[in-house]
Amino acid sequence: MSEAILTASHLCVSLGGKEILHDVSLRVAKGDFLTLIGPNGSGKSTLLHTLCGLTKPGQGRVTLAGQPLAAYGRRKLAQKIALVTQQHTLPADLTVYDLVRCGRFPYRHFPRGLGAEDREKIDQALLATSLTPYAQREVKSLSGGEQQRAWLATALAQEPEIMVLDEPTTYLDIRHQFMLLELLQEWHDRRGLTIVIVLHDLNQAYTWGQTTAVLAEGRIAAAGRTAEVVTPDLMQRVFGVTSEIVTTSSGRSFLACYPQTAPKR
Amino acid sequence: MRSRKGRRLGLLVVFAVLTVVSLVVSLTEGATYISAHDVVMRLIAPGTDVTSQIIWNLRLPRALTCALTGLNLALSGAILQAVMRNPLADPHIIGISSGAGLAGISLLIVLPAYTFLLPLAAFAGAIGAAVLIYILSWKHGIQPLRIILAGVAVSTFLGAIISGLLIFYSDRVHGALLWLAGGFSACSWHDVSLIVPYTLAGLLLALAGAGSLNILLLGDDTARSLGLPVEVARCLLTGTAALLAASAVSVAGLLGFVGLIVPHTVRLLGGSDHFFLLPGSALLGMAVVTLCDTFGRVIFAPIEIPTGIIMALLGVPFFLYLLRRDLS
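Chains V and L supply the protein sequences, listed in that same order.
If you're matching positions, the first sequence starts at 0 in numbering that gives the first Met the number 0 and goes up one per residue.
If you're matching positions, the second sequence starts at 0 in numbering that gives the first Met the number 0 and goes up one per residue.
Simulated from the structure, these hints should not be mistaken for laboratory data.
Bear in mind that the values here come from a model prediction, so they are computed numbers and not experimental data.
The C-beta atom is built at its ideal place from N, Cα and C for all residues, glycine as well.
Just to be clear, a hint being listed does not mean it is correct.
Per the computed footprint, the stretches of chain V lying under chain L, defined by three or more beta-carbons under 8 Å from a beta-carbon of chain L, are [to be verified]:
no.	segment
1	138 to 147
2	171 to 182
Keeping only pairs whose Cα atoms sit at most 27 Å apart, straight-line, the calculated BS3-like set for lysine-lysine is [unchecked claim]:
no.	chain 1	residue 1	chain 2	residue 2
3	L	Lys-138	V	Lys-17
4	V	Lys-139	L	Lys-4
5	V	Lys-75	V	Lys-17
With the hints as extra help, turn the sequences into a complete structure.
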């Protein structure tokens, strides 16, 4: 296994007097595609925020390339880790271009505005997400899938080494979910981008992950190679659902989840 | 991109022209009418005649005070709306002006000899009110709705204290009463010199923060992950807004709604990018307050209607329009 880029050791995080994460340790290897799954309220978002340095752990620490996050400072950190949050707020009249431009904020040089390099990175990010024709459209006038791609483009313009995504496929139809995951896969393969992604769909976590971490009630229930972690046995224990690894005639395998009461067809 | 940029540039030019026109109009109109030509001639080459005296000693300082007050309040509102992520944020509504007003009134009552400390007292009051609002509305971060409700509560509370002071010290408050109503009668070069440094400092700080304000609109988590130290930025920008509002209050009293109407108008016309919104609000703020003041001076002459009343009469309908628009 290659060297660790992001390491969380013995994290305890409390929010509003309630402990959300208990003694969580996690190792993200450089170039990993890590899928993070867990039931609602298991602390996935809190873990992502702590990994990005948005939430300070009460105990334990997070290191990036061997250095504690605090040693980087906000701006340097933003050049290393990009976060795509679960809920987006943005002004109604913001254009795609202006949003993606925000991705260059960590590279700002006051009082100079956008440099030629910034413009180039923005154009590349738009191209990589097929949004070039939409650059001057208002983000809110786009479809859900296109809006999500605009946020991905913003994160890409940050030129991060690690991209952290909190349920980016929520509210998207199945085709757009696949498009988004394929895009991330491509960036992972071609650019060596390390991906940490929360997914609700267990089969998607199984299909796309190289490694998977399972969070349950604020603790890591299992973490490691996806094929070894996402097992029917563990899914039963953590999510309380019945599942099966199914191999199709073409040789691909999937995790199929089904309720036991489901009628047979 | 070109068209949007061109439109914004065009709007800024329109606002600038409007500002110049409103300043000239405020110099021509009054008890005696002076033609625009005469005004310009006297401005270029001041003489010793009565007309020059009227322009240089009466109308120009008043016009400049109006313009700078408008600039400060509009800029303050534009900043607060982004920092608090609430379209209804305005130094008047959320109590920052009331804080400045209370501190100012207290000074006028307790230490009437120290009027020159008014801007300082008003600034302390404004910052005090801003801090109070933040403390009251802070619970795991800032929530736009909570902050506006806390602000309205603080504003009402401080307003009650001001009213109480006015009743108890009715013998000493005639000047204070006029001051509170929000007006520019008896403005002098002293007022201009009082407000100018704050305006310049506030304007520079605000423009330096334009990029951060744009990032803040994306929400705290995204802003932080983009490398903005959110809490620090928020404190600095709120401080800037309080500074601007306080200096405006110290010369013009409680002038409401400029901070609300002007930024929203600019936003409706040209969008919410702060590199456009801030200079646009500054220019339009100057024009609007100067025009309202001229209007108040002229319409029922020789009776002068305080600018605050004109602004409120225009501001309230606009405010209601905004409310309906945002709720739907």
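Handout entry: Satisfaction of hint between Lys-17/V and Lys-75/V, Cα-Cα up to 27 Å
Key = Status violated; Cα separation ~31 Å.
Handout entry: chain L covers the segment 138 to 147 of chain V, three or more CB atoms within 8 Å, holds or violated
Key = violated (count 0)
Problem - Pair hint outcome, Lys-139/V versus Lys-4/L [Cα-Cα no greater than 27 Å] - result: 20 Å, holds
Exercise for the section: Go check the segment 171 to 182 of chain V versus chain L for me, would you? Three or more residues, Cβ under 8 Å, otherwise it fails. Expected result: Coverage by chain L is violated for the segment 171 to 182 of chain V (0 residues, Cβ < 8 Å).
Practice task
Would you check the hint for Lys-138/L and Lys-17/V, treating anything up to 27 Å between C-alpha atoms as holding?
Solution key: OK: Lys-138/L and Lys-17/V at ~14 Å, within 27 Å.
In summary, the numbered hints that this structure violates are 1, 2, 5.
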